[in-house]
Amino acid sequence: MVGISIAPAPEQTVNVSLHNELTDLPNVAETLDRVGVDAGIPVGTVMHLQVVLDEVLSNVIKYAWPDGGTHEFFVRIDVRDGGIEVTITDDGRPFNPLAQSPPQPPPPGRCPRPGGVGIQMVKQLVDGFEYVRFDGRNRVTLTKRYSLELPSQPGAER
Amino acid sequence: MTRSGLIITESHSGDICVVSLAGRIDSSNANDFMTRLNGLISSGEKSILVDFANVLYLTSAAFRALLVATDEAERSATRFSLCNLASHVRELFEMGGLVDAFTILGSREEALARMG
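In order, the protein sequence lines correspond to chains A and B.
Start counting the first sequence at 57; every next residue gets the next number (this note's numbering).
Start counting the second sequence at 26; every next residue gets the next number (this note's numbering).
Source of the hints: derived by calculation from the structure; they are not laboratory data.
Only a predicted model underlies this, so the values are computations on that prediction, with no experimental measurement involved.
All C-beta atoms, glycine included, are put in the ideal place defined by N, C-alpha and C.
Please note that the accuracy of each hint is not assured.
Just a few of them, taken from the derived set where beta-carbon distance is under 7 Å, the chain B residues facing chain A [to be verified]:
(1) Gly30
(2) Thr34
(3) Asp51
(4) Ser52
(5) Asn79
(6) Tyr82
(7) Phe88
(8) Gly121
The task is simple: from the sequences and hints, build the whole structure.
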């Protein structure tokens, strides 16, 4: 079950709550898509954030609560002038996604292993990636800057 | 678009099984994607071409699925290739350091000609 509340644009904050189930992820992806369209954020910027957000959220779902059970955690999307910030907060066990090992080179003649690929991509796709543990919670903050694409003016030279 | 965000369509061009993807491949559907590919390999398909023309983006979960399928294909002596990668999709393969992990061909027509 996902709860969503939206504050007015142009500067807008969207809060999404979700549970530790992969089936909740499309709701977050669709919310981010909607925020991107509403705020006029370039499609490529939103796509990069989608890739990063999927990585971070799926890690929370897989690792934050090893004993299982249903847990709620939160995503906050803040659109500001020229930038978007996404904050993920959970009360699971301490987990720093930045501390994951980079991909290991495969043995000769073998395919690469998938481990570490995600975090390698994340570091290239966002401008800021911070992790803090506070008050028994993990908090990951992603930031991405962008330039608004101005619509073409009617009558402008082509 | 389905709720999962990914539509997988299979067709045949001669002996080549073409798997066309549309939408995003992420953690919510990558397991289904992998199961579908492994099912084709285990069913005896000997040439599989995955067409990325309508893929919006893919995450590391998708790369895991593709790497597992590549391993399965090798074990089954199945040719397994990708085609029609848009520049922004290819860029994600490059960021993951995985361009050389797969057989990546050009357009579908070029790929079918190469594999035929």
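Structure-based check of all given hints:
1. Gly30: holds (6 Å)
2. Thr34: Violated, because the Cβ-Cβ distance from Thr34 of chain B to chain A comes to roughly 20 Å (cut-off 7 Å).
3. Asp51: Asp51 of chain B check passes; min Cβ-Cβ to chain A is 4 Å, inside 7 Å.
4. Ser52: holds (4 Å)
5. Asn79: Asn79 of chain B check fails; min Cβ-Cβ to chain A is 14 Å, beyond 7 Å.
6. Tyr82: This interface hint holds because 5 Å falls under the 7 Å limit.
7. Phe88: OK, holds: Phe88 of chain B within 7 Å of chain A, min 5 Å.
8. Gly121: For Gly121 of chain B, the interface hint holds, since the closest Cβ of chain A sits about 5 Å away, which is under 7 Å.
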